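Participant: Listed below are the residues making up each chain.
There are 4 protein chains.
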Amino acid sequence: MMHTSTLSDAMKDCIEHCQRCHAECLETAMNLCLDTGGRHTEPEHFRLMISCATLCQSAADLMLSGSAFHERQCALCAVACEACAQSCEEIGGMEQCVELCRQCAQSCWTMSGGTPRDRAAAGRRPAAS
Amino acid sequence: MMHTSTLSDAMKDCIEHCQRCHAECLETAMNLCLDTGGRHTEPEHFRLMISCATLCQSAADLMLSGSAFHERQCALCAVACEACAQSCEEIGGMEQCVELCRQCAQSCWTMSGGTPRDRAAAGRRPAAS
Amino acid sequence: MMHTSTLSDAMKDCIEHCQRCHAECLETAMNLCLDTGGRHTEPEHFRLMISCATLCQSAADLMLSGSAFHERQCALCAVACEACAQSCEEIGGMEQCVELCRQCAQSCWTMSGGTPRDRAAAGRRPAAS
Amino acid sequence: MMHTSTLSDAMKDCIEHCQRCHAECLETAMNLCLDTGGRHTEPEHFRLMISCATLCQSAADLMLSGSAFHERQCALCAVACEACAQSCEEIGGMEQCVELCRQCAQSCWTMSGGTPRDRAAAGRRPAAS
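Residue numbers (my numbering), protein chains in the order written: chain B, 1 to 129; chain W, 1 to 129; chain L, 1 to 129; chain Y, 1 to 129.
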């Protein structure tokens, strides 16, 4: 009677992690970071947080839409989440953001079907050779 | 030490309701509705679901960003959620979507600071007189 | 043979103005403002630019989707564009952003069907009376 | 005096192609496809159009935000645009969408720094070996 989602449990978890990470990165950047300034609004860090929020939303939307491209978007989202977590950790005072980025990265790796070897390679641009 | 959100509890609830409603509308439209066809892909209904998903995301993002425009976006989001809930109810088989739209509408009305009189008026275009 | 858009010319113009304003606000905030700092990353100003970008995208998407809510979203978008233009003008050095915000505001007012009286009222929360 | 964009001409072109393709795919799906039904609302095709619109917006936003992840997002966007163009071509009557998807794919490939070998590989999931 009631529509029951046909998405797998792993995908539902990943969507939720992406939505939480999107919210945390956007809220932290637009409130804590802007209000604090200094290293928090250093362009490279701030861009990482906004990029991470953008990619989390896009990954969630592709999963929700039944898109054939969700795996590849999740792989890129995982890379962004890990970079964002590391940047937040170095600056400090953003432990919840670090934690939600790491959870999302893990969930997105699982969803992308990636192996540890893919994961190691993902930090680099795809080689042409 | 850890960044603690400075958003009010009511706003945090509203963000969560908007994210859930966005996810439910997008997933239902792009899976159940497309797979079922018939009344489920009737243009007016399908557009309502996608509009509702768009407005929920926009309302959530404005709240997360500390935007001065979040109240007015929440007021419009509430109108869309109520219209979407009604359309889903008439077609049937989308009870979870109906419920999440109604929860989101309620939460957005509270956030918009609207009175019942505003609420009654919101279904109409703002009168010039 | 070829699909020809059935959108009105006024709506096509408004969509284009919204997309240009979205791009200019996002690019300016994430590049010029972050690289310059000072008044450019003052929270109220920076949030206005990101809010304006969000509302322009949402207005464009609702128009493209045939949404019944596009008029009311355009009315809110116009308010945000005017506020963003004024803030950019006061800080200075963002003339192109000021110009694109003002063009978008004008186009969105036309699309919203608003009268000058609506426009004057739009800066305030909608009155219940 | 006036802020002049520091983005390269190639990137500005790519942003514009992504915005045009986003608009065309979303408008066509939500108007022509929904109004026509039949093959136009067949789930695989409709999802491709919405996925393409999502990825174009995300690629544009990452470029506008100065994100380090824009090249990889453009590579994925190009794959989606080519798939969407092919699906629209097979169904017919969407020549403008086909053309804008192909232009966007070409522009995104250039932006991604991809070689023809990358391009051939992009249709497949990244190999672990």
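Honestly, the hints are just simulated from the structure, not real lab data. Fair warning: there could be bad hints in the mix.
To be verified - Going by beta-carbon spacing under 7 Å, a handful of chain Y positions derived as facing chain B:
no. : residue
1   : Ala10
2   : Lys12
3   : Arg20
4   : Asn31
5   : His45
6   : Asp61
7   : Phe69
It should be emphasised that the depicted structure is a prediction, and the values quoted were computed from it without experimental measurement. Even for Gly, the Cβ is constructed at its ideal location relative to N, Cα and C.
Participant: Give me the numbers of the hints this structure contradicts, sorted from smallest to largest.
Facilitator: Numbers 1, 2, 3, 4, 5 - these are the hints that the structure violates, sorted from lowest upward.
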